[in-house]
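From first to last, the protein sequence lines are chains X and L. Going letter by letter, the first sequence gives residues 1 to 219 in our numbering. Going letter by letter, the second sequence gives residues 1 to 218 in our numbering.
Fair warning: there could be bad hints in the mix.
[To be verified] To spell it out: a stretch of chain X is covered by chain L in this simulated footprint if at least three of its residues, at any positions, have a beta carbon under 8 Å from a beta carbon of chain L; those stretches are:
| no. | region |
| --- | --- |
| 1 | 149–161 |
| 2 | 180–190 |
| 3 | 195–203 |
Hint data in this document are derived by calculation from the structure and do not stem from the laboratory. Owing to the predicted nature of the structure, the values given are computational and were not obtained by experimental measurement. Glycine included, each C-beta is placed from N, C-alpha and C at the ideal position.
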Amino acid sequence: MEWDWNFVAEIMPTLLQGLRLTLLVTLLSAVVAAGLGLAFAILRRSENRLIAAPVGLVIEFIRGTPLLVQLYFIFYVLPDIGIVLPPLAAGVIGMGLHYATYTAEVYRAGIENVPRDQWEAARATNLTPRQTWIHVIVPQAVPPMIPALANYLIAMFKETPLLSAITVLELMNQAKSVANSSYRYIEPMTMVGMFFLAMSLVSVVILRWLEHRFGRLAK
Amino acid sequence: MADWSGYLNLILQGALVTAQLTIYGSALALVAAFLAGMGRLAPWRAVRWLSTLYIEFFRGTSIYVQLFWAYFVLPFMGITLSPLAAGILALGLNVGAYAAEVVRGAILSVPRDQYEATVALNLTGAQRMRHVIVPQALPLMLPTFGNNAIELLKATAVVSLISLTDMTFQAQIVRAQTGNTLIPFAMILILYFAMALLISAGMRSLERRMTRGLDGVR
Chain X
1 MEWDWNFVAE IMPTLLQGLR LTLLVTLLSA VVAAGLGLAF AILRRSENRL
51 IAAPVGLVIE FIRGTPLLVQ LYFIFYVLPD IGIVLPPLAA GVIGMGLHYA
101 TYTAEVYRAG IENVPRDQWE AARATNLTPR QTWIHVIVPQ AVPPMIPALA
151 NYLIAMFKET PLLSAITVLE LMNQAKSVAN SSYRYIEPMT MVGMFFLAMS
201 LVSVVILRWL EHRFGRLAK
Chain L
1 MADWSGYLNL ILQGALVTAQ LTIYGSALAL VAAFLAGMGR LAPWRAVRWL
51 STLYIEFFRG TSIYVQLFWA YFVLPFMGIT LSPLAAGILA LGLNVGAYAA
101 EVVRGAILSV PRDQYEATVA LNLTGAQRMR HVIVPQALPL MLPTFGNNAI
151 ELLKATAVVS LISLTDMTFQ AQIVRAQTGN TLIPFAMILI LYFAMALLIS
201 AGMRSLERRM TRGLDGVR
């Protein structure tokens with residue numbers, strides 16, 4: 001089968017539509033992962049073992065099982081107990097939750113890098129734990145970790161095709177539906193690959209810049 | 001809801017396919033990782049360039065796209081793979097690309113004087129790698145290799161989408177036939193987690209074996 005540029009031009013609008021949804025999903029899930037990850041990291045450090053231990057177990061469990069199965073779980077099992085989520089919401093929650101367990105590790109490294117005397121100073125000035133986290137620890141722990149967090153943003157972007165399995169019409173799903181209706185697989189699949197490669201190359205440049213901008217604060 | 005032992009059997013058969021994919025995929029990934037990781041450090045420009053191309057390509061595109069490409073596009077070029085072969089190929093090459101960077105990093109972190117000593121002793125390039133550099137670099141790679149193997153195990157779930165009857169695929173069948181969603185999915189989640197724990201335990205004991213006798217060196 002030959003490569004057909006006319007067909008590529010024909011399917012381009014559909015693919016670009018899919019790409020837009022892919023980017024939207026990535027950004028929304030990134031927000032969930034960034035927020036939830038910080039919560040995980042802080043709860044896991046809690047002095048109360050009844051909080052720290054279960055949170056640790058949940059993190060390990062989510063990290064040790066496939067995202068695809070988690071997505072199925074959210075999309076197919078939760079409706080049985082009365083929680084019906086639209087595909088997009090299920091996808092964002094599933095992906096955000098999965099990657100939150102990874103970003104939690106990044107935050108942990110950032111938190112451990114905050115010098116001990118900062119904690120002691122917070123205690124000496126009689127700050128509550130809440131104030132200590134919000135005003136002292138998090139502002140120092142998070143900026144050096146931004147490049148590492150951005151790394152996971154790229155990883156999430158590459159995982160979005162999984163959402164096609166729960167009927168989200170993102171880039172991969174659009175390409176599959178085009179391929180199935182025209183019986184041409186070469187162009188749609190290759191174009192999707194090219195899109196991902198192009199976006200990854202762009203994101204590598206942005207990552208370098210982020211490392212330059214924020215990485216230095218660590219020292 | 002009647003025949004639970006039959007459904008259980010189905011899921012265990014799927015677990016076997018998942019285990020198979022993980023083992024063969026890891027083996028391929030290991031070979032690819034060493035070839036590409038050392039290739040990036042080779043004295044020949046063409047080999048370095050080719051290795052970089054491989055690594056960047058497989059890290060830059062999604063595993064899912066690679067799998068679909070291997071399964072749906074390659075047949076048009078005259079290469080028809082069975083779903084199992086396509087799965088092993090895509091998983092192995094994808095994880096191999098990540099692991100190649102680990103190999104490269106570990107080899108580079110072996111102290112320079114070790115290289116100088118092999119030159120002074122007049123070892124050939126192959127002897128240097130085989131007897132001096134790799135034995136010291138391997139313990140550094142192992143923990144990350146363990147993580148990579150778990151990533152590979154998790155990525156195997158994706159092959160259910162190209163009609164390979166792995167654990168996730170079988171769970172979908174059980175769901176379709178019984179209408180029960182919680183039990184099959186909860187069960188395979190636990191099985192995946194158990195396999196991941198098994199891999200990390202295996203890697204830890206391997207690490208202990210490999211570092212035996214290296215205490216004074218590092």
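Consistency of the hints with the structure:
For the region 149–161 of chain X, the stated coverage by chain L is satisfied: 4 residues place a CB nearer than 8 Å to a CB of that chain, which reaches the threshold of 3. Note: the region 180–190 of chain X has 4 residues with beta-carbon separation from chain L under 8 Å; the three-residue rule is met and the coverage holds. Chain L is given as covering the region 195–203 of chain X, and this holds because 4 residues of the stretch bring a CB closer than 8 Å to a CB of that chain, at least three being needed.
Checked against the numbered hints given earlier, the structure satisfies every one of them.
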